[in-house]
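Peer 1: These are the residues of each chain, in order.
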Amino acid sequence: MLAKIVIVGAGPAGIRAAEVLAGAGLQPVVLDEARQPGGQIYRQPPPGAERDAFTLYGSEAGKARNIHAAFGRLGKSVDYRPDTLVWNCSSNALNILHKGRQGIVPYDRLLIATGAFDRVIPFPGWTLPGVFTLGGAQIALKAQGVSIGKRVALIGAGPLLPLVASQYLEAGADVAAVLDVTPFGAKIRALRGMLAVPEYARRGLSLLLKLKKFGVPTAYDVRAIEVTGNWHVDGLKWRDGAGRWHRIACDAVAASFGLKPEMQLADLAGCATYFDEATRQWLPSLQAGGRSSVPDVYLAGDCAAIGGADVAELTGKRAAYSVLRDLGIGFAADELKGIETTLARHTRLRKALDAAYPFPTHLIDAMSDSLTLCRCEGVTVGELRASYVKTSAPDVNRLKAFTRVGMGRCQGRVCGAMAAEILAGQSGASLPDVGRLRGQHPIKPIPMVV
Amino acid sequence: MISESPQFHRLAERSGEQLVITVDNRDVAVRQGDLIITAVLLHQKAIRRFEFGDGFRAGYCLMAACQDCWVSLGDGRRVRACDTIVEPGMEVRTGIFNANGKTENC
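First to last, the sequence lines map onto chains A and B.
Residues in the first sequence are numbered from 2 upward in steps of one, following the working numbering.
Residues in the second sequence are numbered from 43 upward in steps of one, following the working numbering.
Be aware that one or more of the hints could be misleading.
Pairs of lysine to aspartate or glutamate, DMTMM-like flavour, derived with a Cα cap of 20 Å [as the list claims (entries may be wrong)]:
no. : chain 1 : residue 1 : chain 2 : residue 2
1   : A       : K100      : B       : E133
2   : A       : K213      : A       : E171
3   : A       : K188      : A       : D355
4   : A       : K151      : A       : D222
5   : A       : K100      : B       : D125
6   : A       : K445      : B       : D125
7   : A       : K352      : A       : E200
8   : A       : K238      : A       : D222
9   : A       : K188      : A       : D241
10  : A       : K188      : A       : E200
11  : A       : K64       : A       : E336
12  : A       : K211      : A       : E171
13  : A       : K100      : B       : E129
14  : A       : K338      : A       : D327
15  : A       : K445      : B       : E59
16  : A       : K445      : A       : E378
17  : A       : K100      : B       : D117
18  : A       : K151      : B       : E46
19  : A       : K151      : B       : E55
20  : A       : K352      : A       : D277
21  : A       : K445      : A       : E171
22  : A       : K188      : A       : E227
23  : A       : K211      : A       : E61
24  : A       : K64       : A       : D355
In case anyone wonders, no lab produced these hints; they're calculated from the structure.
Using the sequences provided together with the hints, build the complete structure.
Peer 2: See below:
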């Protein structure tokens, strides 16, 4: 009997993995929470909202078309199940929800390609209507052709910032300011490393030139941010490196500070993780070929390590080849060799990007007691600090039990890392010692059928 | 005003057929292919009340991760506004308005 292989996620990693496995005649199951393949980066607008690929994806239009076409060609050689939420994993089976009905999908091999989510750092006003993540601002434009506001301020600490800014400008949006909370000098110093993938360095430079051409106010090394407004956003205050405050009128703000892997499912599958000091976050422990610490579970794309869409295509294929090898199925090794060579260059690029956009800890140091940290349950920074004083909770899971932080609908996806930062700051323990919120099922809300 | 001016603005014209749904019993013109969050925020600045304190919310991540945009529908379903597409005649209930059809103080 054929091994049953299940891929979770149909972004660039999941699609390329499916292509390799289908090519070997294995008919993988592809479970996709979205209604159409492409993931977030190559997300397709719903029927009725279609626009041409260049308007949607800009310089990446060719890659988007290729990915969508590649998946289309697979036809019946994959068992594609869109609109299917995977909410738990145990004993080599996934619990799923599709159109309000639950089901169980067993697997022999599981390939997780669940992508990434914006890294969030709370600041005053971040829960007001009109504040979104940078990823969210991009989705609004890509999937719906709308701007998140009439006049938009963009704030970030990663390559997504100039990308979203240029996409908004090209689409005709009024961009009030582009504020990078990391220093410009860090990018200059990292330039050499970025040349490991010359195409990427060129693309980055052309984005910066575009911002200049449009004449948008741009600042680096932004030290503090504060969204103003009583019931919704009416402006933004920010402090520059010299300590001067600036004020901008705007009705929307998009802010986030890099990306983090969506690894709840890998966590439930038992995959080991480690704390990566360079990017100050937890990542899944990866072994050769995209294997996880669990023998029959493989990781690909941004949920394995943040690398972007091009890397996701490559790691998707690589993980699929590892599945074939572990099943004892032969394949021509030439392509795999090429993939490893290209990935090595991308690893150098990623190191340079991490150095160009260091995680902005000054924004964490600035968090005051009155700030809402957990937006689901309304738990404040002060409540977390007071809880530590009272309970001496040694790790973030204990802190969760005492304060409800991370217990809301998002399951700590948004606030978990920041709760750990607050606990570490208050207790003097290191971030690895404070730990991370354990994955809990259901990893997203599901209806309760009595 | 939370209730009267839009948060989102259309930048791209597209073909999708025009539909009517209701948001808190008001008729709202939308397009086929609009997500509920788009449909609502093209007409007002928030999508729900914050249930544990003052204030309103308008979603946050738009990719079904943060769970900030749950709304009720007339048929009893509760859905995420950022990954549910409008259907003709859909009744969206945000809970923003009081019995007089007004939001207070904002």
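Peer 1: Between K100 of chain A and D117 of chain B, does the CA-CA distance stay at or below 20 Å?
Peer 2: holds, 15 Å
Peer 1: Between the alpha carbons of K352 of chain A and E200 of chain A, is the straight-line distance 20 Å or under?
Peer 2: Distance of about 16 Å is within 20 Å: holds.
Peer 1: If you draw a straight line from the CA of K238 of chain A to the CA of D222 of chain A, is it 20 Å or shorter?
Peer 2: Between K238 of chain A and D222 of chain A the Cα gap is close to 14 Å, so the pair holds against 20 Å.
Peer 1: Do the alpha carbons of K188 of chain A and E200 of chain A lie within 20 Å of each other, as the hint requires?
Peer 2: With a Cα-Cα distance of about 16 Å, the restraint between K188 of chain A and E200 of chain A holds, given a limit of 20 Å.
Peer 1: Would you check the hint for K188 of chain A and D355 of chain A, treating anything up to 20 Å between C-alpha atoms as holding?
Peer 2: holds, 10 Å
Peer 1: Sort out whether D222 of chain A lies within 20 Å of K151 of chain A, counting only the CA atoms.
Peer 2: Not satisfied, since the Cα-Cα distance of roughly 26 Å exceeds 20 Å.
Peer 1: Straight-line Cα separation of K188 of chain A and D241 of chain A no greater than 20 Å?
Peer 2: Judged against 20 Å, a Cα distance of about 18 Å means the pair holds.
Peer 1: For the pair we were handed, K211 of chain A and E171 of chain A, check the Cα-Cα distance against 20 Å.
Peer 2: holds, 9 Å
Peer 1: Holds or violated: are the alpha carbons of K445 of chain A and E59 of chain B at most 20 Å from each other?
Peer 2: violated, 32 Å
Peer 1: Is the straight-line distance between the alpha-carbon of K100 of chain A and that of D125 of chain B 20 Å or less?
Peer 2: Given that 20 Å is the threshold and the Cα spacing comes to 13 Å, the pair holds.
Peer 1: Next pair to validate is K100 of chain A with E133 of chain B; report whether the Cα-Cα distance is within 20 Å.
Peer 2: holds, 19 Å
Peer 1: Given the hinted pair K352 of chain A and D277 of chain A, is their alpha-carbon gap at most 20 Å?
Peer 2: Status holds; Cα separation ~12 Å.
Violated hints for the displayed structure, listed by number in ascending order: 4, 15, 21, 22, 24.
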